[in-house]
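Asker: Here is how the chains run, residue by residue.
Number of protein chains: 2
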Amino acid sequence: MRTSIATVCLSGTLEEKMRACAAAGFDGIEIFEQDLIVSPHSPEEIRGLAAELDLSLDLFQPFRDFEGVTEELLLENLYRAEAKFALMNRLGIDTMLVCSNVATATVDDDDVAASQLRRMGEVAAGYGIRLAYEALAWGKYVNDFEHAQRIVDLADHPNVGTCLDSFHILSRGADPAGIEKIPAEKIFFVQLADAPELSLDVLSWSRHYRVFPGEGAFDLTGFMTHLVRSGYNGPVSLEVFNDVFRQTAEERTAVDAMRSLIWLEERTSVALADHGGAPGNDGGFPAYPMELATLPAVAQPTGFNFAEVKAGDSGAVEELLFQLGLHCEGRHRTKPVQLWSAGGARVIINQQQARGLAPAVSALGLDVQDPLAAASRAVQLKAQPVSRRSQADEAVLQAVSAPDSTEIFLCEATGDGTVAWAEEFGSDGVVEGEPLITHIDHINLSQPWQHFDEAVLFYESTLSLVPRASQEVPSPMGLVRSQVMCSSDGAVRLALNIAPMGLEQPHGGADYPQHVAFACRDVVALARQARQRGLDFLPVPANYYEDLQARFRLGDDMLDVLQSLNLLYDRDEDGEFLHFYTATVGNVFFEVVERRARYDGYGAPNAPVRLASQYQRARSGRRDG
Amino acid sequence: MRTSIATVCLSGTLEEKMRACAAAGFDGIEIFEQDLIVSPHSPEEIRGLAAELDLSLDLFQPFRDFEGVTEELLLENLYRAEAKFALMNRLGIDTMLVCSNVATATVDDDDVAASQLRRMGEVAAGYGIRLAYEALAWGKYVNDFEHAQRIVDLADHPNVGTCLDSFHILSRGADPAGIEKIPAEKIFFVQLADAPELSLDVLSWSRHYRVFPGEGAFDLTGFMTHLVRSGYNGPVSLEVFNDVFRQTAEERTAVDAMRSLIWLEERTSVALADHGGAPGNDGGFPAYPMELATLPAVAQPTGFNFAEVKAGDSGAVEELLFQLGLHCEGRHRTKPVQLWSAGGARVIINQQQARGLAPAVSALGLDVQDPLAAASRAVQLKAQPVSRRSQADEAVLQAVSAPDSTEIFLCEATGDGTVAWAEEFGSDGVVEGEPLITHIDHINLSQPWQHFDEAVLFYESTLSLVPRASQEVPSPMGLVRSQVMCSSDGAVRLALNIAPMGLEQPHGGADYPQHVAFACRDVVALARQARQRGLDFLPVPANYYEDLQARFRLGDDMLDVLQSLNLLYDRDEDGEFLHFYTATVGNVFFEVVERRARYDGYGAPNAPVRLASQYQRARSGRRDG
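Protein chains in written order, with the UniProt record's numbering: chain V, 1 to 625; chain R, 1 to 625.
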């Protein structure tokens with residue numbers, strides 16, 4: 001599949017955008033006219049830069065408000081078009097996007113529109129240029145792709161064809177199956193965009209909230225299967241207007257974009273095979289001209305192998321882990337790294353190159369069937385491999401960097417609770433006895449607001465984690481958006497949070513801390529033990545327990561137990577949830593959870609209590625300090 | 001009018017919110033239950049704090065999902081309600097908001113809902129508590145206020161009344177005139193919120209995008225006139241869920257909120273008088289129980305008196321002004337301040353307490369009929385007065401601080417082009433001859449994103465400037481939102497811009513610069529003169545002129561003139577617009593504009609060209625530097 005992207009998706013100057021697209025591996029680009037107009041570079045210089053970067057210039061866009069007009073206006077429009085054709089010749093671009101008329105159309109007549117497009121096609125032919133006519137979802141008279149196709153058919157000119165844009169088609173709820181009826185040679189261009197479910201007017205939705213395929217709610221795999229079946233084999237290009245991308249570094253947006261296309265290729269390939277027809281298939285099924293790349297298939301991760309906390313001074317973290325009942329298994333034989341564990345929960349404390357760093361979650365390990373295949377898949381999906389120096393006799397771990405820079409290690413699942421690398425700490429990673437803590441339940445990672453959609457796409461495409469419904473939780477500094485990414489059996493749960501900016505908070509506003517939650521078979525017993533060991537619990541206000549009583553009518557005994565241990569409680573139709581939080585050290589804290597029956601949530605009603613208590617603590621800490 | 005505000009409108013802890021409300025002058029507050037639950041303070045402590053701050057506690061809210069349920073669930077709900085009544089007694093709050101059932105209602109029967117509310121009322125009566133039943137716009141069976149009122153009537157209990165919320169009523173397009181039919185003694189509470197026009201699902205609209213009255217598109221004055229006519233005389237309270245307010249310093253949000261209520265009181269008073277019935281009117285019209293405060297009426301400003309640039313080193317600004325043909329009239333007799341002018345355009349360069357400051361627009365002066373009345377009005381609307389030290393024999397200028405800290409001076413309009421204060425510079429402020437520059441056309445002020453709605457409300461309420469339709473302009477760092485505030489005759493034009501955050505721009509991203517635009521009778525002549533004087537024009541790319549030719553078919557001569565002088569051009573059905581920009585120094589630049597015929601815009605199609613050129617310059621400046 002030939003990949004392309006519109007320059008309007010990215011921030012920066014035209015030159016910066018082009019360099020970012022080339023670096024991310026795109027085959028070509030669409031030049032958004034405005035990007036050229038504001039550029040100090042001549043068309044010839046842009047053409048030269050594209051050649052140097054090995055980028056094809058696939059489309060010049062958009063040409064607006066052409067057809068369905070009076071003869072007088074048509075002549076003006078033809079003058080304007082011809083100036084652009086001459087410009088395109090200088091750029092070396094042979095296809096122009098012509099959007100259905102939004103503003104100036106006054107003649108609602110397909111024959112008139114077609115004859116005007118034919119006249120445009122005749123002029124274009126003189127310059128060797130093809131016109132790709134696209135129905136905008138808010139076009140005045142022409143707003144669906146089948147209508148646009150009828151006009152293209154009526155125009156009946158070899159230089160007039162169609163441009164299909166998934167946003168304009170899917171946002172109107174149209175059935176993309178009709179794409180298969182369009183002759184492939186009349187599909188001059190294809191643009192893809194996804195979008196979240198929003199009941200917003202379609203113009204605002206389109207201009208601000210488009211996202212890359214896989215980041216929204218549209219069925220782009222379905223769209224692509226129809227496109228492949230139509231026989232189309234031209235560029236598949238991203239055209240995504242998004243307020244966040246416009247403000248984000250263009251290099252990383254381009255990588256995010258490329259990842260989305262690669263993943264879409266794979267899913268399209270799988271969908272076609274499922275429906276009995278893969279490209280190049282020899283078994284009697286039709287072979288399609290478009291070749292689709294595939295990726296190593298990997299199973300979902302089966303558990304957390306470890307969590308890593310990086311810290312300059314790790315004393316406070318060690319104390320918390322000790323109080324929670326974890327045990328230091330040993331120190332790495334060559335590095336300033338410790339392994340702490342309890343049951344199947346392992347925490348690595350890493351002091352390498354950490355001088356002055358406040359404690360923070362820096363890495364996590366996932367158990368996977370085939371670490372090499374999983375890492376290869378992630379890297380093909382444009383994840384950055386992580387290089388950590390290791391000695392010749394040490395376990396070689398596969399790792400990639402997530403969008404928020406957390407390192408994701410892909411570890412071999414042994415099935416027996418041992419971990420191969422633990423021997424470097426003089427341990428087999430298995431703890432005697434029956435510790436109260438059984439494993440890591442979930443890890444909570446805060447995300448910069450600009451990279452949230454990118455992070456969700458990353459975890460879904462590389463690791464096959466599935467996004468659950470997202471939630472918003474009030475805090476004293478604003479709403480915190482929370483998105484859980486989960487393996488199907490719940491063995492791996494990552495909670496991604498976007499913290500509010502709190503830019504003008506009078507009291508500062510520390511980074512939103514991250515945390516590791518341990519699963520526990522008896523949280524009351526563990527909390528008592530932790531209290532004996534002097535744990536600094538996150539305090540829970542008395543008003544919370546009064547409300548709990550009003551909501552759940554718990555017995556007085558139970559309420560006293562909860563309150564005396566700063567335990568939080570939730571209940572739903574699936575079961576009960578008891579949990580507590582430690583104080584925050586640096587940028588990290590810990591949680592211990594007990595899930596009763598089939599409770600599958602995270603105590604969301606309690607999150608505001610935690611956030612307010614942490615806010616109070618941060619304030620008084622700053623006030624005292 | 002008794003003013004109140006829900007604690008959910010503000011950021012911070014409950015204690016911080018209460019202090020901010022008291023400081024802004026509110027009579028009372030609604031306690032949002034969640035704010036109490038997460039507070040470490042007991043109900044008795046909150047009650048004590050309210051007494052200390054002289055705030056009444058007007059409402060406890062919300063109680064959810066009560067009515068329209070099975071008998072079994074009703075008993076649970078009554079248990080939950082009674083726990084809250086006991087809590088309210090401890091707080092000393094006598095009114096509870098009961099929202100129509102969203103989640104658990106299964107019985108769509110008004111008689112059942114009414115009888116269940118009556119039973120709740122009977123229990124509430126034992127605690128001396130009144131229930132204010134409110135139809136949520138997304139209530140399962142009850143979602144309009146007239147329906148809720150029918151249920152209240154059926155319930156027929158003295159402790160069961162209604163709560164009216166302007167958002168829930170106006171967002172559904174309901175006619176608020178029906179409010180007048182409700183007996184005043186059954187209206188237990190009133191909540192106000194405004195909202196922008198958005199085609200968004202009503203729940204998201206309500207939870208994220210509510211704004212204070214006057215900041216949105218709802219007709220809250222109409223709503224209030226119906227309310228006053230109903231005879232209601234209880235608290236009028238703000239309940240505004242807004243993602244920005246949640247992140248903004250609570251003290252300033254509270255002031256913004258209070259301003260909106262004061263202005264609404266005035267407009268309601270005017271509207272009632274216009275319709276022949278003012279409260280307390282003796283002329284035979286009905287007198288209403290609610291007393292509405294009024295403000296000094298002021299006419300719109302009639303022009304710019306001056307713009308002030310503050311700078312540590314003012315050499316570069318002086319050079320630009322000289323090159324544009326302004327003339328230094330003199331230095332202030334006691335302060336390091338200069339007056340520059342041309343025609344009716346005056347620029348003050350202020351070096352007081354400016355050591356190390358990059359040049360920036362710091363103040364502007366407006367010509368008004370009655371400076372004292374205008375300043376008094378602004379201060380009553382919670383604007384901060386500005387105190388500048390002045391000598392006994394200097395003109396006393398009235399000034400207030402705008403939300404972005406720009407100082408707004410209210411100057412006496414003389415009508416003859418002189419300004420009283422100019423004599424302190426040894427000048428009468430009148431320039432001989434016929435300079436090309438005639439006056440200040442507009443001033444462009446960048447706004448922090450958190451204060452945009454506040455700024456619009458500020459300029460509209462204090463100075464009677466009118467907001468024009470807002471626009472969004474693409475820049476290499478994201479979309480810039482632009483909102484012009486204008487006097488009716490166009491003599492005063494302020495353009496407010498919110499710059500994108502560009503948080504992660506690889507190339508940094510300076511503050512979005514502000515500018516002063518001078519009106520000119522011959523921009524070509526002025527540009528030529530400026531070129532002779534060595535002006536550093538903001539460069540305009542050649543590609544722009546090619547596009548201009550394609551769009552407007554200008555003559556080659558004209559195009560050459562424009563291009564040789566870096567002039568930008570626009571044309572619409574009202575006329576033509578020619579303008580150019582200077583280089584940016586510090587955080588300020590200048591523009592010169594010529595309006596031909598009745599052109600009334602700002603060359604919006606050219607704004608992306610300016611932004612891209614400034615971005616290029618800032619980049620290369622940083623690269624070179």
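Simulated from the structure, these hints should not be mistaken for lab results.
Don't take every hint at face value.
Stretches of chain V that chain R covers, calculated by requiring three or more beta carbons in the stretch to come under 8 Å of a beta carbon on chain R [as the list claims (entries may be wrong)]:
hint	stretch
1	3-13
2	32-39
3	80-86
4	242-249
5	546-556
6	601-612
Note that CB positions come from ideal geometry on N, CA and C, so glycine has one too.
Asker: For each hint, tell me whether it holds in the structure or not.
Answerer: A quick look at each hint next to the structure:
{"no.": "1", "hint": "3-13", "in the structure": "holds (count 3)"}
{"no.": "2", "hint": "32-39", "in the structure": "holds (count 6)"}
{"no.": "3", "hint": "80-86", "in the structure": "holds (count 3)"}
{"no.": "4", "hint": "242-249", "in the structure": "holds (count 5)"}
{"no.": "5", "hint": "546-556", "in the structure": "holds (count 6)"}
{"no.": "6", "hint": "601-612", "in the structure": "holds (count 4)"}
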